[in-house]
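**Q** Please model the entire structure based on the sequences and the hints provided.
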Amino acid sequence: DAKTTQPPSMDCAEGRAANLPCNHSTISGNEYVYWYRQIHSQGPQYIIHGLKNNETNEMASLIITEDRKSSTLILPHATLRDTAVYYCIAPLGDYKLSFGAGTTVTVRA
Amino acid sequence: DTAVSQTPKYLVTQMGNDKSIKCEQNLGHDTMYWYKQDSKKFLKIMFSYNNKELIINETVPNRFSPKSPDKAHLNLHINSLELGDSAVYFCASSLAGSGDTQYFGPGTRLTVL
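Going down the list, the protein sequences come from chains C and Z. Here our numbering is used: position 4 in the first sequence is 4, and no number is missing along the way. If you count the second sequence from 1, you need to add 109 to reach our numbering.
Treat the hints with care, as some may be off.
Said to hold, decoys possible - Below, a list of computed lysine-lysine pairs in the DSS-like style, where the Cα atoms sit at most 27 Å apart: (1) Z/K153 / C/K3; (2) Z/K145 / C/K3; (3) C/K3 / C/K52; (4) Z/K145 / Z/K118; (5) Z/K145 / Z/K176; (6) Z/K149 / C/K3; (7) Z/K150 / C/K3; (8) Z/K131 / Z/K118; (9) C/K52 / C/K69; (10) C/K69 / Z/K153.
In case anyone wonders, no lab produced these hints; they're calculated from the structure. Keep in mind that this is a model prediction, so the values were computed, not measured.
**A** Laid out in structure tokens, this is it:
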């Protein structure tokens, strides 16, 4: 897996957008960027993934820079239920996901 | 319908015992995984099976033995349990492997006394 770097924590106000950055400067051309999150004591949950183009689904948007060295996960309207640890992962043709420490996001009312 | 299920959800046992954790997925996926999350909260891959064949074994003590009776099931058997085995164990599955999206079960919290 390419090495990814995320801030350890961030706060967000309920109803506001949460922008979670991830650096992956060593990513190779065919590595996707995946985002998962883990809400307290639950199994990790897939959020979104992308290669080059920006992606959007019902949960979030993923913005990938043109050089692919970084990306931003956007939760458009954060709710208290979005409080979780968010993981940015770049698995290269690999059967395993290497989870780092992730970013602990706390959404405050 | 539960996509990836695990039993039991909680398991408390004494050192030296043998225990099993079961995992089932109804997604029709070919690949299944076991991850361990210790007290420091880091998630680490333990094993991966693709179509009942072991493809990843991440330097896990041989007291841990995965068994895949069919591609919808991947069970984890642990012999001679030790205090350090206390953790949350997550099962996951993916359509094939190689970077496919993985879907996780709810976890089994194992406590060894």
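**Q** Determine for every hint whether it applies to the structure shown.
**A** Outcome of the hint check:
1. Between Z/K153 and C/K3 the alpha-carbon distance is near 15 Å, which keeps this suggested pair within the 27 Å criterion.
2. Among the hinted pairs, Z/K145 with C/K3 is consistent with the structure: their alpha-carbon atoms are about 20 Å apart, no more than 27 Å.
3. Taken as a hint, the C/K3 and C/K52 pair is honoured in the structure, with Cα atoms around 17 Å apart against an allowance of 27 Å.
4. Distance restraint check for Z/K145 and Z/K118: the Cα-Cα separation of roughly 14 Å lies within the 27 Å cut-off, and the hinted pair is therefore satisfied.
5. For the suggested pair Z/K145 and Z/K176, the alpha carbons sit about 16 Å apart, so the restraint of at most 27 Å is met.
6. Restraint check for Z/K149 and C/K3: the C-alpha separation of about 20 Å stays at or below 27 Å, so the hint holds.
7. For the hint pairing Z/K150 with C/K3, the CA-to-CA distance comes to about 19 Å; that is within 27 Å, so the pair holds.
8. The hinted pair formed by Z/K131 and Z/K118 meets the criterion: a straight-line CA distance of about 10 Å does not exceed 27 Å.
9. For the hint pairing C/K52 with C/K69, the CA-to-CA distance comes to about 10 Å; that is within 27 Å, so the pair holds.
10. Taken as a hint, the C/K69 and Z/K153 pair is honoured in the structure, with Cα atoms around 25 Å apart against an allowance of 27 Å.
Violated hints: none; the structure is consistent with every hint.
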